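Protein chains: 6
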Amino acid sequence: MFIKPEQPSIERLVLLALEEDAPWGDITSQAFIPPEAQLHAQLVAREAGVLCGEDVFTAAMLLTDPSLAVEFAVHDGGTFSGGAALATVKGSARGILRAERVALNFVQRLSGIATLTAKYVAAAAGTRARIVDTRKTTPGLRLLERYAVRCGGGHNHRYSLSDAVLLKDNHLAILNRDPNRSLTAMLLEARSHLPHTTHLEVEVDRLDQLDAVLSAGVDTILLDNFSTQDLRAGVAHIAARCLVEASGGVTLERISEIASTGVDLISVGALTHGVRSLDIGLDLLE
Amino acid sequence: MFIKPEQPSIERLVLLALEEDAPWGDITSQAFIPPEAQLHAQLVAREAGVLCGEDVFTAAMLLTDPSLAVEFAVHDGGTFSGGAALATVKGSARGILRAERVALNFVQRLSGIATLTAKYVAAAAGTRARIVDTRKTTPGLRLLERYAVRCGGGHNHRYSLSDAVLLKDNHLAILNRDPNRSLTAMLLEARSHLPHTTHLEVEVDRLDQLDAVLSAGVDTILLDNFSTQDLRAGVAHIAARCLVEASGGVTLERISEIASTGVDLISVGALTHGVRSLDIGLDLLE
Amino acid sequence: MFIKPEQPSIERLVLLALEEDAPWGDITSQAFIPPEAQLHAQLVAREAGVLCGEDVFTAAMLLTDPSLAVEFAVHDGGTFSGGAALATVKGSARGILRAERVALNFVQRLSGIATLTAKYVAAAAGTRARIVDTRKTTPGLRLLERYAVRCGGGHNHRYSLSDAVLLKDNHLAILNRDPNRSLTAMLLEARSHLPHTTHLEVEVDRLDQLDAVLSAGVDTILLDNFSTQDLRAGVAHIAARCLVEASGGVTLERISEIASTGVDLISVGALTHGVRSLDIGLDLLE
Amino acid sequence: MFIKPEQPSIERLVLLALEEDAPWGDITSQAFIPPEAQLHAQLVAREAGVLCGEDVFTAAMLLTDPSLAVEFAVHDGGTFSGGAALATVKGSARGILRAERVALNFVQRLSGIATLTAKYVAAAAGTRARIVDTRKTTPGLRLLERYAVRCGGGHNHRYSLSDAVLLKDNHLAILNRDPNRSLTAMLLEARSHLPHTTHLEVEVDRLDQLDAVLSAGVDTILLDNFSTQDLRAGVAHIAARCLVEASGGVTLERISEIASTGVDLISVGALTHGVRSLDIGLDLLE
Amino acid sequence: MFIKPEQPSIERLVLLALEEDAPWGDITSQAFIPPEAQLHAQLVAREAGVLCGEDVFTAAMLLTDPSLAVEFAVHDGGTFSGGAALATVKGSARGILRAERVALNFVQRLSGIATLTAKYVAAAAGTRARIVDTRKTTPGLRLLERYAVRCGGGHNHRYSLSDAVLLKDNHLAILNRDPNRSLTAMLLEARSHLPHTTHLEVEVDRLDQLDAVLSAGVDTILLDNFSTQDLRAGVAHIAARCLVEASGGVTLERISEIASTGVDLISVGALTHGVRSLDIGLDLLE
Amino acid sequence: MFIKPEQPSIERLVLLALEEDAPWGDITSQAFIPPEAQLHAQLVAREAGVLCGEDVFTAAMLLTDPSLAVEFAVHDGGTFSGGAALATVKGSARGILRAERVALNFVQRLSGIATLTAKYVAAAAGTRARIVDTRKTTPGLRLLERYAVRCGGGHNHRYSLSDAVLLKDNHLAILNRDPNRSLTAMLLEARSHLPHTTHLEVEVDRLDQLDAVLSAGVDTILLDNFSTQDLRAGVAHIAARCLVEASGGVTLERISEIASTGVDLISVGALTHGVRSLDIGLDLLE
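Residue numbers (my numbering), protein chains in the order written: chain L, 1 to 286; chain D, 1 to 286; chain P, 1 to 286; chain R, 1 to 286; chain S, 1 to 286; chain W, 1 to 286.
It should be emphasised that the hints constitute simulated quantities derived from the structure, not laboratory data. The reader is advised that the hints may include incorrect statements.
Stated by the list, open to error - Over the 12 Å line for every Cβ pair with chain L, so calculated as not near, a few chain D residues:
id: 1; residue: F2
id: 2; residue: K4
id: 3; residue: D65
id: 4; residue: G82
id: 5; residue: A122
id: 6; residue: A125
id: 7; residue: R128
id: 8; residue: A164
id: 9; residue: A190
id: 10; residue: L207
id: 11; residue: D208
id: 12; residue: T228
id: 13; residue: A239
id: 14; residue: G262
id: 15; residue: D264
Stated by the list, open to error - Some chain W residues judged to face chain L by a derived CB distance under 7 Å, without partners named:
id: 16; residue: I3
id: 17; residue: E6
id: 18; residue: L62
Nothing here was measured: the structure is a model prediction, and the numbers come from that model. Glycine included, each C-beta is placed from N, C-alpha and C at the ideal position.
Hey, can you work out the whole structure from these sequences and the hints?
Dropping the structure here:
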């Protein structure tokens, strides 16, 4: 069950992209293609993957020409093999050619994220560990890229700096300048100001930092750049008093090992910032 | 010599990203970091590359807090090795921590593009071939990503569907439906309507299509998915009557071979849609 | 310690209001007041209260005329008595008169909210109960109105439908249509999809609904329209396994009694939707 | 006969409010409510009043889900008693629950204004006095709040600083600094520059200021903070040479007395800045 | 004494125009002009006229590059002869060349309007008649074009459909369909609903329509397409009971004759919709 | 065959104009015209011309009231004589009267441009010369005004500073400051940086400047303010090595003579900045 981006948010992003791709119209189609020419085209996967971008692709077509007919055979979150027909589009050739690149740019990138996420998720299968995203998303596309992570079976971390607290090493370095207040005290004081709905997570770099954080009753502890052995020790020490997240040095190869330590969450920046667009194209049917 | 994005365009994109990353403020910094705390931080490359994003990084900082001081030691288009200090930021800790992720997201992605482009450009060195980008850019970021390609030593293709004509296979398939008009005639007629400043480029899939296109006097011919041998034959046949672009199946490994055929342009979609963000971080200095 | 709205958000709201209040300029001042006329004015409280709106007031003045000088004697969250001088403004008469109404409209409304909130907070003093706001805010002004609640000593509930789950009676009525799935099961399943940072709160109308919710391990239970006696019973039954919120029928008179039951949170819609603007005016000093 | 806000203006405000209330979607409904679930709900008045907000309520529903069916039984300007069914909404449960709070926030506030206005209007019944609003409206909502005043039987004053002149005490204090020019002369000169369609109104604080203003031939004189006796004297002295407005210290209790003095207009800031949202809720029908 | 457009309105229009004129930068200057090159240029009138656009010109320069220095020797509303130096600009060559066309487009068009208006105003000199504009302005530029009319010595009519009533022939034709209500009755009823600040003007085509309109007590009567003789008769019949406006068939040649009939207002659509941009250029000084 | 502006661009401009023309509604129609009143009106040309603005006129009507029916008898680019019926509109009187002025303002101005362009085009008939527009367009309306030029049979020059290079006298004056680099060298270097799709045009003032430019292989040479004799000499000297554009001092009278010199392009600023709106009105049919 996916929480999907809302239609107005999708349309806003697609309109910006359509405007960007043809600020004063598609001069090629208008100069060469007769207005009455029709097209029947197929969205085809040129490699295997997980789909994400059904609504965005459709919006790019319909916002260009509301009379186009788009039908998806595979749906968001669905897997497909190379060569699979994902969708068909029918209608005005000018409309389809105008929207094609924008529609593909979205669906290729989002499906790339979903596909990569699915690999990480598969590698952690059978453990309690969730694969979660980070704030390392493309500026302007966070809403869609987080959705792509969900389509790939991953989970989302906080959306932004506004909806959850994550105290990181840089914050802690600043807090440490004040020798008169303990981290525990500062956490308790902040908690007394923050909304009760705010999740409070703290990053630690060493096992000996755990107790100060646990005393304050945080919701998640992030073990950053821990060895597998230390992760295991951290999980044992925390003993389910809060959630445990692992981050840093997470590769597809190491996922299974990290997941086996018993951590609840593994955050992977690469899901959104090291992703290759999936090869998906639009082929003419007739 | 680079043509740089203009300040208002950069600020618009950065403001959207800042808003996206903290729709109602950075609750972590505001809850934990005293307003008077200062930070001195360094932008550090964790791997070698080519820089792109100086102005965007600076804008993210200054739009958050105009009193921050940002100084770059390496400039856009400059190369650096792993561990290099790229820039320093000084000022309010709250301001720097609020802007950090947005600033990094831009500079990591853009430097990733510049760095990848530089590899393609190096592989074509000593030939007449330009490495050029495509319209496969991230929706909303085309302006910046094209600039990143230039920073990497690459060149830009047309900006959008509005500023140059590129007749592709799908267009030609539709034009072919009309048996009564030759491609040459259609090209000549379109030319008579288009602005004289409009570059006219046509894609061909086979050598035997060349003459019809050449008769119409186009500006560039795109040889799509040609073997190295056919590229060479195409270049010879065209004989400098127009520019020649190669595209399709272009990998870093094949670049040198393709470039050696004498083509003027090699377009590489992967420059912008298959790119890994470069690993660049912000370290505290004190 | 208050988390303050960020400057760009404030400026966006103020610019809209300034535009609304004079779409084609302030014709009175421009027709009558010489451009060189200066004004020295004082923001004066005509009744006692708690201040909120310092930055908004200042932004209204400075966005109209950056050369105006605004100085606040009382700061956000500070209390004042009737007749108190809150701030002074100095500079161009045209600028001050142009911005006056917009500046006052904001500060009167926000201080009205802060002042009312402070009354509820005082009534709950000495108990563990936080006074929290709701989503019954003025469309477009949620960011500022939530801040006003904090200035009055209150706390915020979730910001929006996006950042926390609150299952209310209407949701439960729909879930009850499916006789094959228990509420506990549905809560557990939803939790498995939601981000780990998402606070999960469920509203109950009767004590006998508590156990199904508690079994699922939610973060907060909302006791809606409970009698004082039932609130006390609910708190006892929940026994600190999660937070307890009281809502419905909350008046200033009943606050102390409700707070004494041991609930953690009392949400009060009236903080933002039944509020009278505080009487604050701008008086000429000379 | 009401002049209604235009549809695009309504939709712009509603879209901003919907975005504010769920920047990345309604996670509760999406996590718990099946997409196919239907709802039949009723908008019910929990207290008596005058309706305002029919189009805004409908827009909130339809902009969320165009397939929802909204039907109003009472129309804008209509009165209703506590318990009255005002409207019904039918359709997708997810859609209705997503829009509910925004729709209610608007209709509660606007009906609160209409209801309060109707009380002032009733108190002045049988006299020539119009109850008029002021510029003390909620930033961003002036268009709707002025409409709410009309729904309650009140009238509007000028819309903004741009469409009519109102010389107030602060302006006059500045004009008085120039001993060489009389107020009459200044009014005549300004009139010679202002558009002929511009209404010219001047505030006076004392009876002895009337003649200077009357000599210039203004359209309305505002008697600010006058005693009932002085109001009566002012009306007599002005003798229908222009309209007369009373303002300052206007309470519901004093309205009838003020109206009986023969003034044409009574402006009441409280109509929009001291208003309690009316208690209106959305109940499930089945 | 001019009421000037406010700075934020000017900047919004200028930014749109700058963006329109170089959506991805000024490639000529960036490719050819060294960043350190300086320019000293002069705004020169190539024909005589009346200036309008000082602030817009300056904004175009400063929004492009805040370090440019702009100094005007002639000010808005000032007259100049052909060859006059109107202003100087100094600073970065890239900045000046980037802004030049946008700055000129505004100042040429606005000065064209001011200059044309001044001719109509001169032709009516010595009479009571004001030359006023209409709503026949360029879409998006009404604020500036109305200001240009004022700079030329003309006056403004209503700003828009929202701030004054003008019942025209088309309205009257529809009202005439209802035989049961007289125009006088309809005017009186509308007046009872409209704000007291709303100017009420009615167009008549024949002298025999005057009495019905006068009975209702309107503010202005518009005599449309009247002969000079009928205008004179109309003015006599109305006898100062309201303002009189003449419109239709107004040419520069006929102005003096029309003005001599005693009408208060002559509205001239040509001021804004038949205007030639004034020839003003930017010359290099060194 | 015309390249038409896209629907979203048209709608954005029309919505701004509708908002500008009635920021808070059309008070005349709402106060006087019953909501159920219907109108059948005709768009009538009061003088001969060439139509432009079909889609803009229709959008103004339909964005105001989607139930209006608009039918055009003449289409964009079509010629008509004075008195011709161009279109009919049917539907709600309030809707038509609300949109009328905005719809007319667009169609009058655009048809004015198309009509003027057609005169220039006719004067150059039988020669190879294209009549082309310039960047002297109304700020904000370039997209539509360029389309109007095409409707009149003219052609477009570059859209903006971003899509083609045009080195003008001011640029050359700056380049001349550097005695160490020849213009030819600078042109070749710039070409090596610019996209291959970028058209490169250089303005010359004297015949002896031609060779330096021709050596660099530019795409077009602009002969600015040349006598007819020099134009002829320039065309001969250039000898088809690139396109030749004439500009400066171009009047309708001189067009034929200029065109006869063999230039490829004649750019005429007056097409868009010296244009009179065509007289087109909306008449009631019944």
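Cross-check of the supplied hints:
1. F2: With a cut-off of 12 Å, F2(D) remains clear of chain L, as the shortest Cβ separation is near 21 Å.
2. K4: It holds; K4(D) is separated from chain L by about 18 Å at its closest Cβ, greater than 12 Å.
3. D65: 15 Å, holds
4. G82: 16 Å, holds
5. A122: 21 Å, holds
6. A125: The claim holds: A125(D) sits with its nearest Cβ about 25 Å from chain L, beyond 12 Å.
7. R128: 27 Å, holds
8. A164: 8 Å, violated
9. A190: At about 4 Å from chain L, A190(D) fails to clear the 12 Å cut-off, so the statement is violated.
10. L207: 22 Å, holds
11. D208: 21 Å, holds
12. T228: 22 Å, holds
13. A239: 26 Å, holds
14. G262: 27 Å, holds
15. D264: 20 Å, holds
16. I3: Because about 4 Å separates I3(W) from the closest Cβ in chain L, which is inside the 7 Å limit, the hint holds.
17. E6: 5 Å, holds
18. L62: Since the shortest Cβ distance to chain L is 13 Å, the answer is violated.
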